[in-house]
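There are 4 protein chains.
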Amino acid sequence: MTHTRIIPIEFCHCDPAGIVFYPRYAEMVNHMVETFFLDVVGHGFGPMMAAGQGMPTVALEMAFRKPSRLGDRVEWTLAVEHLGRTSARFLVRAEDRVEARATVVWMARDFTPSPWPDDIRTILEAHHA
Amino acid sequence: MTHTRIIPIEFCHCDPAGIVFYPRYAEMVNHMVETFFLDVVGHGFGPMMAAGQGMPTVALEMAFRKPSRLGDRVEWTLAVEHLGRTSARFLVRAEDRVEARATVVWMARDFTPSPWPDDIRTILEAHHA
Amino acid sequence: MTHTRIIPIEFCHCDPAGIVFYPRYAEMVNHMVETFFLDVVGHGFGPMMAAGQGMPTVALEMAFRKPSRLGDRVEWTLAVEHLGRTSARFLVRAEDRVEARATVVWMARDFTPSPWPDDIRTILEAHHA
Amino acid sequence: MTHTRIIPIEFCHCDPAGIVFYPRYAEMVNHMVETFFLDVVGHGFGPMMAAGQGMPTVALEMAFRKPSRLGDRVEWTLAVEHLGRTSARFLVRAEDRVEARATVVWMARDFTPSPWPDDIRTILEAHHA
Chain L
74 MTHTRIIPIE FCHCDPAGIV FYPRYAEMVN HMVETFFLDV VGHGFGPMMA
124 AGQGMPTVAL EMAFRKPSRL GDRVEWTLAV EHLGRTSARF LVRAEDRVEA
174 RATVVWMARD FTPSPWPDDI RTILEAHHA
Chain E
74 MTHTRIIPIE FCHCDPAGIV FYPRYAEMVN HMVETFFLDV VGHGFGPMMA
124 AGQGMPTVAL EMAFRKPSRL GDRVEWTLAV EHLGRTSARF LVRAEDRVEA
174 RATVVWMARD FTPSPWPDDI RTILEAHHA
Chain D
74 MTHTRIIPIE FCHCDPAGIV FYPRYAEMVN HMVETFFLDV VGHGFGPMMA
124 AGQGMPTVAL EMAFRKPSRL GDRVEWTLAV EHLGRTSARF LVRAEDRVEA
174 RATVVWMARD FTPSPWPDDI RTILEAHHA
Chain Z
74 MTHTRIIPIE FCHCDPAGIV FYPRYAEMVN HMVETFFLDV VGHGFGPMMA
124 AGQGMPTVAL EMAFRKPSRL GDRVEWTLAV EHLGRTSARF LVRAEDRVEA
174 RATVVWMARD FTPSPWPDDI RTILEAHHA
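Protein chains in written order, with my numbering: chain L, 74 to 202; chain E, 74 to 202; chain D, 74 to 202; chain Z, 74 to 202.
Quick caveat, the hints were computed from the structure, so don't treat them as lab data.
We treat Cβ as the ideally placed atom computed from N, Cα and C, and that holds for glycine.
There could be a bad hint or two in this list.
[As the list claims (entries may be wrong)] Label-pair distances were calculated between CB atoms; the ranges are:
1) L:Arg158 with Z:Thr185: 44 to 54 Å
2) Z:Pro188 with E:Thr75: 43 to 53 Å
3) L:Glu168 with E:Glu198: 49 to 59 Å
4) L:Pro186 with E:Glu198: 48 to 58 Å
5) L:Thr150 with Z:Phe184: 25 to 35 Å
6) Z:Thr75 with L:Phe184: 31 to 41 Å
7) D:Glu134 with L:Ser160: 20 to 30 Å
[Claimed, not checked] With a cut-off of at most 25 Å between alpha-carbon atoms, the simulated DMTMM-like pairs for lysine to aspartate or glutamate come out as follows:
8) L:Lys139 with Z:Glu107
9) Z:Lys139 with Z:Asp169
10) E:Lys139 with E:Glu154
11) Z:Lys139 with L:Glu107
12) L:Lys139 with L:Asp169
13) L:Lys139 with L:Glu172
14) L:Lys139 with Z:Glu134
15) Z:Lys139 with Z:Glu168
16) D:Lys139 with D:Asp169
17) L:Lys139 with L:Asp183
18) Z:Lys139 with L:Asp183
19) D:Lys139 with E:Glu134
20) Z:Lys139 with Z:Glu172
21) E:Lys139 with E:Asp169
22) Z:Lys139 with Z:Glu154
23) Z:Lys139 with L:Glu134
24) E:Lys139 with E:Glu172
25) D:Lys139 with D:Glu154
26) L:Lys139 with Z:Asp183
27) D:Lys139 with D:Glu172
28) E:Lys139 with E:Asp183
29) E:Lys139 with D:Asp183
30) E:Lys139 with D:Glu107
31) D:Lys139 with E:Glu107
32) L:Lys139 with L:Glu154
33) D:Lys139 with D:Glu168
34) E:Lys139 with D:Glu134
35) D:Lys139 with E:Asp183
Turn these sequences into a full structure, and let the hints steer you where they fit.
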């Protein structure tokens with residue numbers, strides 16, 4: 074299974090060249106991970122933080138292959154590319170424009186890497202690419 | 074006295090028209106208030122938050138008179154336009170380009186408006202326009 | 074008629090106090106104006122710019138009455154509060170949290186204020202509050 | 074030689090966990106490349122764009138090793154890690170917190186990869202790590 078979202082390219086994303094400024098893509102990658110946890114995994118970042126849990130991003134790789142322009146409606150997808158005991162690497166793509174990999178670590182209350190809870194692991198496995 | 078900073082206009086500030094996107098000006102206004110408290114008042118936002126204090130912005134008015142372009146080095150100034158018992162309104166200007174007014178409220182530990190501490194009030198008074 | 078959008082509050086909007094950082098509200102106000110022109114008026118900012126037209130925001134007022142927190146789903150509305158010959162002031166609201174007024178000026182090809190085209194004026198009038 | 078800048082961590086950079094939100098690091102990487110070209114190479118992005126030139130970022134890798142907090146003053150450095158005929162990979166570091174690699178391509182007027190002009194190449198070579 075793949076988590077999918079359409080992101081319309083708006084004024085706030087674009088640089089003086091009229092194309093998406095690449096740090097805005099990093100925000101979109103985070104949006105994909107955040108909506109995946111909120112809408113699919115069922116663990117929103119708000120309740121996570123309130124529970125003293127966290128899921129820091131420890132690495133991000135992005136390749137920018139084709140530009141996106143103001144008004145484009147870009148389809149983003151997220152899949153789990155690698156699932157570790159306490160971490161996961163997401164493959165996040167925007168069509169043939171952007172290919173990103175974001176690695177996160179699950180941290181339970183003591184702010185050290187912790188094994189994924191079973192319910193989360195099950196959903197991550199179902200989205201393994 | 075007036076608090077002054079030069080902000081160089083960079084790629085991240087500019088929109089597809091090649092001029093500063095106005096929400097970036099709101100960030101610059103916040104930068105002026107934040108650096109004023111850090112460098113002049115001597116109360117950085119970090120220690121403030123660690124002490125359970127806060128200073129929310131409750132109103133912002135901005136007039137955009139002339140555009141700023143990539144590469145411009147813009148001089149910003151901040152002065153206290155109105156000083157209340159628990160609040161202050163800052164006049165924040167970017168030359169003849171932007172005129173902004175930001176109103177903040179001082180909140181001590183209980184998250185209700187509180188009178189300015191004497192040391193802060195003294196400095197705010199010294200910057201009254 | 075009123076233009077409405079739900080904006081979910083995400084990590085990227087929030088500050089260390091866990092509430093929306095006010096410059097992000099300025100981006101949301103722009104989002105409301107931009108989606109109104111794209112989806113309701115039928116003049117997206119992309120084609121506008123390609124046609125050498127523009128619609129700069131010349132003033133923005135915002136009052137922040139109640140905070141929004143990570144995970145909140147906030148209903149935003151936009152209506153035309155004042156319609157001038159070459160300008161319009163939009164009243165943009167986020168429930169009882171934010172009340173904003175954004176004034177824009179219509180500029181045809183020569184980058185001077187120009188009367189609203191008839192088709193746009195008709196739609197603006199239909200959204201007069 | 075290494076290009077160096079101090080970036081104070083401000084409210085606008087931090088997330089609800091009180092640490093820098095990683096897309097803001099991507100903006101800081103761009104800031105390092107942009108100030109390097111403006112202040113060291115002597116080719117600001119403004120004149121570049123006015124001349125119809127461009128230097129898109131085609132890849133970005135970032136490892137986030139230690140968090141940065143509100144109020145930290147972080148030293149960033151930039152060096153040229155790899156210099157190609159038409160491209161360069163910059164190693165951009167924030168102490169022991171962030172290690173980033175950004176790859177850019179030089180594009181002359183026809184928007185195709187072009188060999189670095191001699192004056193720019195000389196400076197890039199002088200900053201080879």
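Do the hints match the structure? See the list:
At roughly 46 Å, the beta-carbon separation of L:Arg158 and Z:Thr185 lies within the given 44 to 54 Å, and the hint holds. Hint check: Z:Pro188 to E:Thr75, Cβ distance near 49 Å, so the stated range 43 to 53 Å holds. Our hint of 49 to 59 Å for L:Glu168 and E:Glu198 holds, since their Cβ atoms are close to 57 Å apart. As the Cβ distance of L:Pro186 to E:Glu198 is approximately 51 Å, the hint placing it in 48 to 58 Å holds.
The beta-carbon spacing between L:Thr150 and Z:Phe184, approximately 28 Å, falls within the hinted interval of 25 to 35 Å. Under the hint 31 to 41 Å, the C-beta atoms of Z:Thr75 and L:Phe184, about 33 Å apart, fit the expected range. At roughly 46 Å, the beta carbons of D:Glu134 and L:Ser160 sit outside the given window of 20 to 30 Å. At roughly 21 Å between alpha-carbon atoms, L:Lys139 and Z:Glu107 fall within 25 Å of each other, so this suggested pair holds.
Distance check on the hinted pair: Z:Lys139 and Z:Asp169 sit about 7 Å apart at the alpha-carbon level, within 25 Å; holds. The hinted pair formed by E:Lys139 and E:Glu154 meets the criterion: a straight-line CA distance of about 22 Å does not exceed 25 Å. Straight-line distance between C-alpha atoms of Z:Lys139 and L:Glu107 comes to about 21 Å, which keeps the hinted pair within the 25 Å bound. A threshold of 25 Å between alpha carbons decides the hint, and for L:Lys139 with L:Asp169 the separation of about 7 Å falls inside it, so the pair holds.
The straight-line distance between the Cα atoms of L:Lys139 and L:Glu172 is roughly 10 Å, inside the 25 Å bound, and the hint therefore holds. As the CA atoms of L:Lys139 and Z:Glu134 are separated by approximately 17 Å, the hinted pair is consistent with the 25 Å bound. Restraint check: the Cα-Cα separation between Z:Lys139 and Z:Glu168 comes to about 9 Å, which is no more than 25 Å; the hinted pair holds. Between the alpha carbons of D:Lys139 and D:Asp169 the distance comes to roughly 7 Å, so the proposed pair stays at or under 25 Å and holds.
For the hint pairing L:Lys139 with L:Asp183, the CA-to-CA distance comes to about 42 Å; that exceeds 25 Å, so the pair is violated. Annotation: proposed proximity of Z:Lys139 to L:Asp183 holds, straight-line Cα distance about 16 Å (limit 25 Å). Proximity of D:Lys139 to E:Glu134 is assessed by CA-CA distance (about 17 Å); at most 25 Å being required, the pair is judged to hold. With a C-alpha separation of about 10 Å, the suggested pair Z:Lys139 and Z:Glu172 falls inside the 25 Å cut-off, and the hint holds.
With a CA separation close to 7 Å, the supplied pair E:Lys139 and E:Asp169 stays within the 25 Å bound. Proposed proximity of Z:Lys139 and Z:Glu154 is supported: the alpha carbons are some 22 Å apart, at most 25 Å. At roughly 17 Å between alpha-carbon atoms, Z:Lys139 and L:Glu134 fall within 25 Å of each other, so this suggested pair holds. Between E:Lys139 and E:Glu172, the direct Cα distance comes to roughly 10 Å. Compliance with the 25 Å bound is thereby established for this hinted pair.
With a C-alpha separation of about 22 Å, the suggested pairing of D:Lys139 with D:Glu154 holds against the 25 Å cut-off. At roughly 16 Å between alpha-carbon atoms, L:Lys139 and Z:Asp183 fall within 25 Å of each other, so this suggested pair holds. Proximity of D:Lys139 to D:Glu172 is assessed by CA-CA distance (about 10 Å); at most 25 Å being required, the pair is judged to hold. The hinted pair formed by E:Lys139 and E:Asp183 fails the criterion: a straight-line CA distance of about 42 Å is larger than 25 Å.
Proximity of E:Lys139 to D:Asp183 is assessed by CA-CA distance (about 16 Å); at most 25 Å being required, the pair is judged to hold. For the given pair, E:Lys139 sits about 21 Å from D:Glu107 by alpha-carbon distance, which is consistent with the 25 Å threshold. Among the hinted pairs, D:Lys139 with E:Glu107 is consistent with the structure: their alpha-carbon atoms are about 21 Å apart, no more than 25 Å. Between the alpha carbons of L:Lys139 and L:Glu154 the distance comes to roughly 22 Å, so the proposed pair stays at or under 25 Å and holds.
Between D:Lys139 and D:Glu168 the alpha-carbon distance is near 9 Å, which keeps this suggested pair within the 25 Å criterion. Taking the CA atoms of E:Lys139 and D:Glu134, the gap is about 17 Å. The hint holds against a cut of 25 Å. Among the hinted pairs, D:Lys139 with E:Asp183 is consistent with the structure: their alpha-carbon atoms are about 16 Å apart, no more than 25 Å.
Consistency note: the structure conflicts with the earlier hints numbered 7, 17 and 28.
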